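Visitor: Let chain B serve as the given structure and place chain Z on it in line with the hints.
First to last, the protein sequences are chains B and Z. Start counting the first sequence at 1; every next residue gets the next number (our numbering). Start counting the second sequence at 1; every next residue gets the next number (our numbering).
Derived by calculation from the structure, the hints in this document are not laboratory data. Please read all numbers here as calculations on a predicted model, not as lab measurements. Be careful, since some hints might not be right.
[Stated by the list, open to error] Here are the simulated distance ranges between beta carbons: (1) R17(B) <-> V41(Z): 38 to 46 angstroms; (2) V18(Z) <-> A21(B): 44 to 52 angstroms; (3) L46(Z) <-> T9(B): 47 to 55 angstroms; (4) Y17(Z) <-> G157(B): 28 to 36 angstroms.
[Unchecked claim] Negatives, chain B to chain Z, calculated, CB over 10 angstroms: (5) T37; (6) S38; (7) L63; (8) R71; (9) F78; (10) A91; (11) F121; (12) S136; (13) T145; (14) V191.
Glycine included, each C-beta is placed from N, C-alpha and C at the ideal position.
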Amino acid sequence: MTAPALPRTWTGRLRARAERALPPEQLLPDHQPVYVTSWIYVFGVLTLAAFLVVLVSGGVLALKGPQWWHRSSAGHYFNSLHLWSVELFMAFMVIHLWGKFFMAAWRGRRAMTWITGAVCFLGSIGTAFTGYLVQSNFDSQWISTQAKDGLNSAGVGAFFNVLDFGQMLMWHIVLLPLVVGFVIGIHILQVRRRGVVPPMQLDPRDVIAPEVTP
Amino acid sequence: MTLFLGAPIDLNHVGHYVHWGVIQISVANLVVILVMVALFVLALFLPFPKGRDRR
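Extracted from the complex, chain B is given alone in its bound form (with noise of 0.2 angstroms):
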């Protein structure tokens, strides 16, 4: 019996390389096992389910304007909309830092889904940061001359300026919801390769998620 043969193109490479990584039945499961029945398993996808509004509202905002979000009712409704989610997304994705964080979350080969997690937390706050400050009102603008003096301490303020309206727009609509968004498909990506983190008091070894080969 032979073994079969390696994909030649990258193209094939990088399929069996998926597949190996993300089976189908892991990649969308249809059954979680039975620790994952609490509520503080339920943060995360809160978390993201808050990031589409996010996402859309934004969007919304995007399409309409500044004149349109200051001066209409359906403008102050997707204002509005738009901050109380990314209130209730920062919210609820520290209420899932906590629990991880104590549950140590990174155990059992699950460094990377930490780490992606960690640098999805830093990334918000540095969109939600730039939002403020192209709000296009007097917050933002006592927002952004006393973060100024800040940044610029830390030798930043030449290449990420926070009085220039144009560049804190284009990070904000742009480059840093590219960033967390990709970084949040790699994080889901992460847990549904090594799996939800078990409870510490469960037998060892099924805290150690199944090798599976790069």
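Guide: Below, chain Z without anything else, positioned relative to chain B:
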């Protein structure tokens, strides 16, 4: 109705702050943090509804 809904979260005034030594925090932020801690504790102890098909 707007007045009724706006009263508990009226932001149209100077914020209230809590001072405790070197710590200074707005009441609004403190309330948010306390609600998050309460949610965290509830999530740990509230029973989760049973699903239809559990393995």
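Visitor: Give a verdict on every hint.
Guide: Against the structure, the hints:
1. R17(B) <-> V41(Z): 38 to 46 angstroms: Holds, since R17(B) and V41(Z) (Cβ atoms, about 43 angstroms apart) stay within the stated range.
2. V18(Z) <-> A21(B): 44 to 52 angstroms: holds (50 angstroms)
3. L46(Z) <-> T9(B): 47 to 55 angstroms: For L46(Z) and T9(B) the Cβ distance comes to about 52 angstroms; the hint holds.
4. Y17(Z) <-> G157(B): 28 to 36 angstroms: Check passed, 29 angstroms falls within 28 to 36 angstroms.
5. T37: violated (5 angstroms)
6. S38: violated (5 angstroms)
7. L63: holds (27 angstroms)
8. R71: Nearest chain Z Cβ is 18 angstroms from R71(B), so the label holds.
9. F78: holds (18 angstroms)
10. A91: violated (5 angstroms)
11. F121: F121(B) is indeed farther than 10 angstroms from all Cβ atoms of chain Z, at 14 angstroms.
12. S136: holds (18 angstroms)
13. T145: Check passes; 19 angstroms lies beyond 10 angstroms.
14. V191: holds (18 angstroms)
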